[in-house]
Every structure is written in C-alpha cells, then in structure tokens.
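Asks: Spelled out, the chains give:
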Amino acid sequence: MSEPRKLRPARLESGLDVKPVYRAEDVERSGGTGGIGEPGEFPFTRGIHPLMYRDRPFTMRQYSGFGTARETNERFKWLIANGQTGLNVAFDLPTQIGFDSDDPAAEGEVGRVGMAVSSLADIEEAFAGIDLDRITVSLTINGAAVVLMAMYFAMAEKRGYDLATLRGTAQNDILKEYVGRGTWVFPVEPSVRLVGDTIEFCAARVPRYSPVSVCGYHIRESGALPHEEMAFAFLIARAYMDHSIARGLPVDEFASRLSFNFDIHGYFLEQVAKFRAGRRLWAKIVRDGYGAKDPRSMVLRMIAGGGGGGLTIEQPELNIVRTAYYALVSALSGTQTMALCSYDEAYTIPTERAARITLRTMQILQEETGICDTVDPLAGSYAVETLTNEMEGRIVEAMKEVEDRGGIVKAISDGAIQAHVSRQAYEREKAIRSGAIRKVGVNCHRIEEEDHPVELHPFRAEEAARAVERVRQVRRERDSAAAGRAVGAVRAAAAEGRNVMPAVMAAVAAYATVGEIMGGLRKEFGVFREPVRF
Amino acid sequence: MGKRVLIGKLGLDGHDLGAKVVCRALMERGFEVIYTGLRRTPAEIAAIATQEDVDAIGVSILSGAHLPLLAKLAEELRAAGLSDKLWLAGGVIPAGDHEAVRRLGFAGVFPTGSSFTGIADFIRERTA
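Protein sequences appear in the order of chains A and B.
Take the first sequence: its position 47, counting from 1, is numbered 88 in my numbering, and each next residue is one higher.
Take the second sequence: its position 23, counting from 1, is numbered 117 in my numbering, and each next residue is one higher.
Hints were generated in silico from the structure; no laboratory data involved.
By construction, the Cβ of each residue, glycine as well, lies at the ideal position given by its N, Cα and C atoms.
Among the clues, some could well be false.
[As the list claims (entries may be wrong)] The calculated label-pair distances, taken between Cβ atoms and stated as ranges, are:
| # | chain 1 | residue 1 | chain 2 | residue 2 | range |
| --- | --- | --- | --- | --- | --- |
| 1 | B | E219 | A | G124 | 29 to 35 angstroms |
| 2 | A | N484 | B | R172 | 26 to 32 angstroms |
| 3 | B | S177 | A | D58 | 52 to 58 angstroms |
| 4 | B | S177 | A | V568 | 54 to 60 angstroms |
| 5 | A | V59 | B | S177 | 51 to 57 angstroms |
| 6 | A | K471 | B | A174 | 55 to 61 angstroms |
| 7 | B | R172 | A | I286 | 39 to 45 angstroms |
| 8 | A | E358 | B | E219 | 33 to 39 angstroms |
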C-alpha cells in the first residue's frame, strides 16, 4: 500500500488558500452565485455587455511610440495595416514630465522611451493620415495630460472632427504616478485638481471621450498584490469622483467615462476572480456609495493585459508563451481592450518583429480559438465562483485598511503606500531568488545563455536631433507674442482656480509648447517633493 | 561600521522598483544606504555623495539613456573630487554597453536581475 501523499500547500498572492477540489458547498459557503447577475446587467460580474465579444470583440491596442512624430506615425500605420484596432501612444520622458526636446533637462532622453512632442505640430504629424473615427487613440500621459489632451483635441478639431462625438482615452491618472511609474510633476493637490479640470471639460465639451484611465496596473507592477491592485485603483478612482462631485458635477454626468487599466501576471484563477469580483464591487460602490442612477456609470470598463512584471530577461522567447496565457486570462475576464508587453520589453522598446508577434498573439486568440463566441464561459465553475466571492472580500478589506488610516490621498502624499508596495516588491524578489515563486528560466529550468539574446530596437540619434530642430523652428515661425499671452492666460486660470482647459486649448492652438505651458503651471503650483520612506 | 552607499535615480526615468529593492538588500546586509529619490541630475548626485561622505555611488537607469547620462555623471563626480569612490551602474543596461560603462569609470555594472549578494560582495571587496 502506498503512503498517503502530502499535498503541496497552494496559496494565492492575495493570501487566499486554494483547495484541490471545489464543490457546490464551497460556492454556497463563500456567498453563493446569487450575486453574479446577467451579462450586461448590474452588478456586471459576467461582463459589461449582454453579448460581449460576439457583439464587440476586444480592441487590440499595443503601447507604441518612439523617436519623432514622423517615425511614430510610420509605426502607427504599420500596426494598423497589420490589423491593430486601436492606438496607445507612448511619449518620451521629457514630454511626459513637461520639457521641450531642446530643454537641457531633456538631453539624452529625447525619443528614447516614446515619441517626442513639444508642440501641436508634432501631434499633427503623429496622426496624419489616420482615421480617428475608425481607430480610437489612447494617450499614455499623466503629469502633462492637460497639455497633450488639449493638443489631441485641437488636432482633431483642425481636421474637422466634432469634439461632441470624438472618442478616445487619456491615461491621466496622476495619483498612481506617485506610487509607480514616477512621471509626477506638481504636488498632489493641484494635480488632482487638474484631473478634475479634464473631467469637467470633457463632460461638457468632449462627452464621449474617457478623460481618465485609473491604473491598478502600475501599482501592481510596483509590488501591490492582486487584491490591492483593485483596492488601490478603486480608492484612487473614488478620489477623482469625490473631487468632481465636490466641484458640482453630478455623478451620472461623468462616471461612465472613467475607465481602468489592470495588470495580468501570476495565478490564472486568481486573476480571473480578481476581474469578476472587481467588476461587481465597482458597480456596487458607484450605485450604493454615490447614488448613481445610470447603469453605465456603474460599469467597470478596462484595458487589461500587459504583464511586464511576469516577463523575464532569461530565455526571452518564453515571454511569448507567457503573454499568450495572459491574453487568454484577459479575454476570459471580459476585458474591453487588450495590450500585451512584447517578449523583448525587458531589454528595450519592442522591435517591429516583436511588436508583430504580440499583435498576432491577440489575433490568434480572437480568430482561431472561439474565445469570442460565449460570454464569461467560466461562470458557474465551483472554483471560479468561490474565488470570485472570496476575492471581493479581500478587495473590500484592503480598501478599508487604507481608509482607516486616513485615506488614499494622504497615504500617497506621505509615502505610506509607496513604502508598503516597495516592501512587497522586495519580498517578491526574494521569493523568486529563493525559488518560492517559480519562474521558468530564472529559478528552474535554466540554461546557459549568451549575454544579449535579443535584437535591440535601434535608437536613432539623428531623429532626436530632428525633434530639437523642429521645436526651434516652430518657435521661429509662430507668433511668439500671442503664444506668450496664451501661456499667461493658463497661469492666470491656474492662479484663480478656474478650469485651465479652455486656456490650455487656446495656448496649444497658438503653438505654445509643452515646456512653456507646463513651465507656467510649475510656477503656479510648484513641484512635488518626493517622500522617501522605507 | 557599515560602508555608506548612495543609491540614486539619474535622469527622468520614474522606475524605482529596482533601486529600492537594491537599497533594502544592501541595508539587510549591513550597509548604510542613502537613497536619493527620483529624477536627480548628475550635479545633485555628486553633491549628495559629497555631503553624505559615501564609500560607493550607485545609480539606476532604465530609460536607455545610460550612456549620455553616465558620461555626464562621471564628469560631475570627477569635478567633485569623488574619483576615489566606487562607482556602480544598474538597471536596463544591455551587455553590449557594459564595457563602455566601465570605461566611463563605473567599475561595477549590475543589470536587472543581478544577485544581491554579488552586489554586496563587490562593494565590500572594492571599498575594503
């Protein structure tokens, strides 16, 4: 007779224990399935549309942009020609932080991690020849969001699009920048106010545009656990909502235009449960906590995928396999939009070859696997429904913990959240190094590898030089007195507590630059002083 | 007494997970660590290193701008009389650039995923 086998304990990152077998009684004990509802109906556990991908397949929107607007425009057109259905714009660091390409602070960084933008001329060139009705555009911009959103709107208007029907998304989630990603500019309070300015402006003038995409993604990448990713994102979204409501905006006039951005890596069932639970909890928060009446306000719309934190430098081709699993999780979780990191992203921004493989990964899922045929196919699984119930409880607990300590804005301002997630990031690193978290190619199934196993995306210094020359040319050719007056008007609006967006719209139309407008706002608001806490 | 190490973020890059992880790993191994926070200029790093009288100066860059930024930092460190300190660079630094980084004066190059013990041993040996 064989010895009874001792089972390996299995625990999810959120601290939930995983059973080897789930049964109907587990579902009942955890809260039952009575709360899941129908697809497209409150509380949207099963998805936000009645027919989901049968009716609206997920949008494929790879993060992309490098060098100058000219180079990026070529890459955009190439992605669209390859079947991509949306664009997600990467800006270089000087643009993201509000410096022109010829600013001394920008030296060496122009066009490195994204496209260099100094003035409206660059935005016009970046989107030339792209049909903005057919291809929706997401701008990954935060600290300088008021300027880049205004440039996008100004470009669209000049090309004859009506702002009343223009669609698209800005990331514009400044609170998460203090936790991870780090492209903050101003102190916390005026930064939240600027987000409020964009929400208010869009509600009135660009009502189909999503002015904010709240990012659990970067908080997770900085070390948050899956339930905290949801919890912190919801708290941040509530901070923007509370601010907007305090300014007099009724919840149903803007809540439906808030969207979310989430991460996928780690354990399959935990990730699916996270999204189903998150959708349900968010619907309840907006209906019961804010008294929203319009079901569209309660809907959690998201982009989900990425998963950079799950990818490895070792044996980089294996990342193609990993991202395919993340894409499957994303589709099984009912995402609206998908974007994945490319297999070489631990080394560099993606080469054309890597970008195409990533796009094809999503296309295989959509075209070949039948994943779009049936809504929320995991519903009713004992394991999935139990974990969905349990995950909702974990998210609620994590939200309460932060609120009991004074709320998310305080916890971010004083660095408490940053210290918390970076402690966890260190624990995770140690667990990977010890093998407690298994990573193929890193702590098991290793091979001897050459030092640089991937082809690197080439950086073209001459394009950076071209960006510098271009902003100087714009300054020579415009009416600089008018641009200066327009920047003065932005400062005045900031100082007097008025919505800055109309003045920023006028300033970008006068070809005032990113650096000039952000410089003006820096003088009014000052610059964030980073709390360094361990 | 533990050796004093400055860990800095040079340039505009906002990715600080790796820098902070290395700070903790060194603290656990008995080093005194001074972390600069994000977006420091070469001159600021040199000033903090002088003021804190550190034995080693390590900077992390993930934006791909390491060669121009490290060249400027090397100039500033030399001008501040910090040539006798141990200089280190980490982050996303492709293998093809390691030799160029060492030639700038950064004796230790520790790309993402480097062993904590390896970094700690290197600093101990070179600052003994």
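Asks: Could you check the structure against the hints above and give me the numbers of any it violates, in ascending order?
Replies: Structure breaks hints 1, 2, 4, 6 and 7.
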